[in-house]
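Sequential numbering of the sequence shown, starting at 1, is according to this note's numbering.
Please note that a few of the clues may not be correct.
[To be verified] Ranges between beta-carbon positions, derived for each pair:
#1 GLY136 / LYS78: 39 to 47 Å
#2 VAL170 / ARG53: 36 to 44 Å
#3 GLY137 / GLU93: 51 to 59 Å
#4 LYS130 / GLU94: 42 to 50 Å
[Stated by the list, open to error] Lysine to any residue pairs mimicking SDA-like chemistry, simulated, CA-CA at most 20 Å apart:
#5 LYS177 / GLY158
#6 LYS130 / VAL110
#7 LYS78 / LYS130
No lab work stands behind these hints: they were computed from the structure.
Cβ atoms here follow ideal geometry from the backbone N, Cα and C, with glycine treated the same way.
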Amino acid sequence: MTTTCQLSGATENLTTFAVGPDAPGRAPVEITLTQNLHDQLTGETEVAPNDWRCLNDAMWSENDAVKVVSYRMLHQLKAEGWPQDLLDMIYLEEETLAWAKAGLPDENAVVHLGANGNVLSVGDTVVLIKDLKVKGGGFTAKRGTAVRNIRLVADNAGQIEGRVEDQQIVILTEYVKKK
1 MTTTCQLSGA TENLTTFAVG PDAPGRAPVE ITLTQNLHDQ LTGETEVAPN DWRCLNDAMW
61 SENDAVKVVS YRMLHQLKAE GWPQDLLDMI YLEEETLAWA KAGLPDENAV VHLGANGNVL
121 SVGDTVVLIK DLKVKGGGFT AKRGTAVRNI RLVADNAGQI EGRVEDQQIV ILTEYVKKK
C-alpha cells in the first residue's frame with residue numbers, strides 16, 4: 001500500500017479503494033485513499049464537495065486508476081461549478097476514458113436521491129426527517145421513523161415506497177435520509 005493518499009497526498013488514516021477492473025476479465029485496480037474520501041466514494045458518508053478540491057492536482061496523475069476516480073468524482077460533482085472546469089481540462093487516453101465512463105451511472109436512468117444527496121437503492125433503510133401526515137392512513141409518520149426495505153418508484157425519482165405502521169405508503173425522497 002502506498003504511504004500517501006493518491007488523491008490528496010495525506011499520510012494518515014489511509015485505506016485502499018477498488019476502482020474496478022480496467023478491462024473485462026482483469027482484477028480490480030486499487031488506489032490508496034484517506035478513510036474520509038473512501039467513505040464518501042462508497043456512500044458511507046455524505047459527499048463534501050470541498051474535500052474533493054484535491055482533484056485539481058490528482059487528475060494529472062500518471063496512474064490511470066487515479067485519473068478514473070478523479071474523472072468519476074468530478075462528473076458527480078459537476079453541478080458545483082468548479083468541477084466542470086476541471087472536467088473540461090482533464091485528458092484521458094481513449095481506453096482510460098472508456099474505463100472511467102463505464103463506472104458512471106446511466107445519464108437516462110432514474111436516480112433516487114435522499115435529502116442529503118445520497119443515492120437510494122432498493123432494500124435500503126431510510127429515516128424520515130420530518131413528520132409526514134399520511135393521506136388516507138389516518139396517522140402521522142413521525143420524524144426519526146426508520147423505513148426498512150424501501151422500493152423505488154420506477155418512473156419518478158422523487159418517490160419511494162415503504163412500510164410505516166404496517167401500511168405501504170409512498171414517501172417523497174426529499175423527506176428521507178439514508179441510514
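**Study point:** Structure versus earlier hints - violations, ascending order
**Key:** 6, 7
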